[in-house]
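Chains as they are written, first to last, in my numbering: chain A, 10 to 110; chain Z, 106 to 238.
Keep in mind that the hints were calculated from the coordinates and are not lab data.
What you are looking at is a predicted structure, and each value in this text was computed from that prediction instead of being measured.
Some hints could be false.
Calculated cross-link-like contacts (lysine to aspartate or glutamate; reagent style EDC-like; alpha-carbon spacing at most 20 angstroms) [as the list claims (entries may be wrong)]:
| # | chain 1 | residue 1 | chain 2 | residue 2 |
| --- | --- | --- | --- | --- |
| 1 | Z | 205 | Z | 219 |
| 2 | Z | 163 | A | 108 |
| 3 | Z | 163 | Z | 134 |
| 4 | Z | 141 | Z | 184 |
| 5 | Z | 141 | Z | 233 |
| 6 | Z | 197 | Z | 219 |
| 7 | Z | 164 | Z | 184 |
| 8 | Z | 205 | A | 108 |
| 9 | Z | 164 | A | 108 |
Below, each chain spelled out in residue letters.
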Amino acid sequence: MSIIETLVVFAGIPLAVVAVIFGLVYAGGGRSDRRYRPGRPFDFAPVWFLSAPEAQHDAASNGHAALTGANRMALTKAEAQVDAAPGEPIGDVTGGASDRW
Amino acid sequence: MAQQNIPLTERPTGFEGPFTTRQLLRLDEAMRLADKSTGLVFSIYVGGLDEPSRETAKKLHGELADPANSVLIAVSPNERVLEIVTGSAARKRLPDRACKLAALSMTAAFGGGDLAGGLVSGLAQLADHAGRF
Chain A
10 MSIIETLVVF AGIPLAVVAV IFGLVYAGGG RSDRRYRPGR PFDFAPVWFL SAPEAQHDAA
70 SNGHAALTGA NRMALTKAEA QVDAAPGEPI GDVTGGASDR W
Chain Z
106 MAQQNIPLTE RPTGFEGPFT TRQLLRLDEA MRLADKSTGL VFSIYVGGLD EPSRETAKKL
166 HGELADPANS VLIAVSPNER VLEIVTGSAA RKRLPDRACK LAALSMTAAF GGGDLAGGLV
226 SGLAQLADHA GRF
């Protein structure tokens, strides 16, 4: 075989294989920008999910009404109730847990 | 951290949020199942929690339509704080002990960088402990 052929066969083919595998691996997009890494700053828009927003919601809202009009209606409804009953109602104690990581 | 507290004026698509579409679908499914099986209203907030985080979470919980029967899971990934707030009726079925257990497993997942997975498994744990409706 000539020099060119030797070069192509023994250097070109492995390089081509490497290039193909490289392309396949990084063709997925490298989703590192979306990944949350604790301790590193993580930029995002805050979301608040309700699974079943109250009856009056517009037809365009999706299943998890993330901060749509339904929540705002929920907010105003709760505010109206709070205004109507001044002073802390008895038995309105919340529970739960907190934790850090 | 100030850019997290943007005003809630326009409708967000959820895509600038912390979850991918697939994660959003999983979360939606998990919340719907939890709601349906327990009869309580589960709600998840992912965003900044101003200090003191417990009080802010309680305030958010109070803004829900039915706070007594609601469970709010508030996560702040940048401050690395998780708050679970149960309403006065909900806490009878979900004692603080159970919430703490769920919080422990959720923070274990969050520490590994898995926000959606932690939330889904935490929801499943809470729903399981609250029992059937």
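Each hint tested on the structure:
1. 205(Z) to 219(Z): holds (19 angstroms)
2. 163(Z) to 108(A): holds (15 angstroms)
3. 163(Z) to 134(Z): Distance of about 25 angstroms is beyond 20 angstroms: violated.
4. 141(Z) to 184(Z): violated (31 angstroms)
5. 141(Z) to 233(Z): Holds: residue 141(Z) and residue 233(Z) sit about 12 angstroms apart, inside 20 angstroms.
6. 197(Z) to 219(Z): violated (30 angstroms)
7. 164(Z) to 184(Z): holds (18 angstroms)
8. 205(Z) to 108(A): holds (8 angstroms)
9. 164(Z) to 108(A): holds (18 angstroms)
The structure does not agree with the numbered hints 3, 4 and 6 stated previously, though it agrees with the rest.
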